[in-house]
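Colleague: Residue strings, one per chain:
There are 2 protein chains.
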Amino acid sequence: MAKRGKINQRQRILEEAAKLFKAKGFAGTSMRDLGGEVGMEAASIYNHVRSKDEILESICFYVSDTYVSQLAEVEQTATSYKDKIQVLIRQHIRLMLEDGAAVSVANNDWKYLTGDKLTAFKDARKRYEHGFAALIEQGIAAGELQPVNVSVALFTILSAVRWVELWYRPGRGVSAEELEQNILTMLLNGLAV
Amino acid sequence: MAKRGKINQRQRILEEAAKLFKAKGFAGTSMRDLGGEVGMEAASIYNHVRSKDEILESICFYVSDTYVSQLAEVEQTATSYKDKIQVLIRQHIRLMLEDGAAVSVANNDWKYLTGDKLTAFKDARKRYEHGFAALIEQGIAAGELQPVNVSVALFTILSAVRWVELWYRPGRGVSAEELEQNILTMLLNGLAV
DNA sequence: TCCATAAACTAACGTTTGTTAGTTTTTATA
DNA sequence: TATAAAAACTAACAAACGTTAGTTTATGGA
Chain A
4 MAKRGKINQR QRILEEAAKL FKAKGFAGTS MRDLGGEVGM EAASIYNHVR SKDEILESIC
64 FYVSDTYVSQ LAEVEQTATS YKDKIQVLIR QHIRLMLEDG AAVSVANNDW KYLTGDKLTA
124 FKDARKRYEH GFAALIEQGI AAGELQPVNV SVALFTILSA VRWVELWYRP GRGVSAEELE
184 QNILTMLLNG LAV
Chain B
4 MAKRGKINQR QRILEEAAKL FKAKGFAGTS MRDLGGEVGM EAASIYNHVR SKDEILESIC
64 FYVSDTYVSQ LAEVEQTATS YKDKIQVLIR QHIRLMLEDG AAVSVANNDW KYLTGDKLTA
124 FKDARKRYEH GFAALIEQGI AAGELQPVNV SVALFTILSA VRWVELWYRP GRGVSAEELE
184 QNILTMLLNG LAV
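These protein sequences, in sequence, are chains A and B. Okay, so the first sequence: first residue is 4 according to this note's numbering, each after it adds one. Okay, so the second sequence: first residue is 4 according to this note's numbering, each after it adds one.
These are computed hints drawn from the structure, not numbers from a lab. Heads up, a few of these hints could be off.
Each pair may be met inside one copy or between any two copies, as identical chains are not told apart.
In silico DSS-like cross-links for lysine-lysine, where the CA-CA straight-line distance does not exceed 25 Å [stated by the list, open to error]:
#1 114 - 129
#2 22 - 85
#3 114 - 85
#4 85 - 120
#5 85 - 27
#6 129 - 85
#7 85 - 55
#8 55 - 120
#9 55 - 125
#10 27 - 120
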């Protein structure tokens, strides 16, 4: 019984798939492409994975589950709203640095999910957005934040953080710490002096 | 000679293609899908268009050409750097509201361009980014802007503006004018009070 | 009304796709 | 070392893909 090897291979397949989906999109990546990257025939992949769709589902829900549980954690800490939002932004950036390919797939290729999985993913995302928006709203009500339109603030934050995954390379002269600090400055204090 | 009809049909094909590419991705959209949307057989599309690739090219370069010429225009106006950046952000938002599907394709599906077209598109984008970054840099040097990392500021702006196309629907209670104003507030003044 | 051309159609092509079936090789344990 | 399970392989499938060829229909100017 070589159960150990099986889950490791599955993990490798998911990781290579995330990289390929990020680079060429879900629909633009074939199982033969993936096989080539993993080092086996396309047909052999099915020893580790039920279908191409299941690969996408695993990647997308890994990411959405992570976000949702990070939000839940932040919600029940006893800090200011401004701090909570700051922590959430930091966590976004960190997940992106650690698992950029998976985050990219969850951001861009979730639309290829089908049936229950598609609705479940959209629901999870909506719950996350509502929770995040509530924190902003309460922060404004508490006078910690500017009275800007909540949706605008939410989506500006969520997408401002996305570029990290397209742009950041370690060894570009900016450390992860600096990066976080600069983005937080931009989003919280703005560009104007 | 009915040349008139031909270019109108071509335009319709490009517009429907942009919508489909946005919704399902370039690789996820078939010529038969497109034919269905336009109201003709897939083969008939080739009376108006050389190939599926050419459709993508037309959409992507329409967008990049627009951005590049908008930048050129802003560069030679005699205003403050802060104003120039504000105008560029406004123009981003407007193009997104007017031609959201095309912008979305240029943002997400440019990677399916091939050969010269791919490098030409990447070059155009790079020139745009450098020009924008130069304005930020000069704005900081002139003391009009905070001394934040220029790349971080640039990409935060460029991607913060992207969500508009995913989220904005006229009749969501936010007018285009309010939207612009709120985004500018977020990016220039920040969320914190 | 006739005619040239534009623009639609049908049919088919060679590939590539995701996936299955059946077989062989590798691997871990008894 | 024998054995059973795991994980690789080859071969093939039906469907969908972009595109071409050849044909028919629609259209606008002489």
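Colleague: Regarding residue 114 and residue 85, is the shortest C-alpha distance of 25 Å or less found within a copy, between copies, in both, or in neither?
Modeller: neither (32 Å within a copy, 38 Å between copies)
Colleague: Should residue 129 paired with residue 85 be assigned to within, between, both, or neither, using CA atoms and 25 Å as the limit?
Modeller: So residue 129 and residue 85 pass the 25 Å test inside one copy only (21 Å; across, 35 Å).
Colleague: If the cut is 25 Å between Cα atoms, do residue 114 and residue 129 qualify within a copy, between copies, both or neither?
Modeller: Classified as within: same-chain Cα gap 14 Å, cross-chain 28 Å, threshold 25 Å.
Colleague: When no copy is named, should residue 27 and residue 120 be tagged within, between, both, or neither for a Cα gap of at most 25 Å?
Modeller: Intra 22 Å, inter 17 Å, cutoff 25 Å: intra and inter.
Colleague: At 25 Å max between alpha carbons, let me know whether residue 85 reaches residue 120 within a copy, between copies, both or neither.
Modeller: neither (33 Å within a copy, 45 Å between copies)
Colleague: Is it within, between, both or neither when you check residue 85 against residue 55 at 25 Å Cα-Cα?
Modeller: neither (41 Å within a copy, 48 Å between copies)
Colleague: How do residue 22 and residue 85 come out at 25 Å by Cα distance, when the copy is not named: within, between, both, or neither?
Modeller: Result: close neither inside a copy nor across copies, 34 Å intra and 38 Å inter.
Colleague: Have a look at residue 55 and residue 120 and pick one of within, between, both or neither, based on CA distance no larger than 25 Å.
Modeller: within (14 Å within a copy, 30 Å between copies)
Colleague: Is it within a copy, between copies, both, or neither that the alpha carbon of residue 55 lies no farther than 25 Å from that of residue 125?
Modeller: Classified as within: same-chain Cα gap 20 Å, cross-chain 30 Å, threshold 25 Å.
Colleague: Under a CA distance limit of 25 Å, which applies to residue 85 and residue 27: within one copy, between copies, both, or neither?
Modeller: neither (38 Å within a copy, 37 Å between copies)
Violated hints, in rising order: 2, 3, 4, 5, 7; the structure is consistent with all others.
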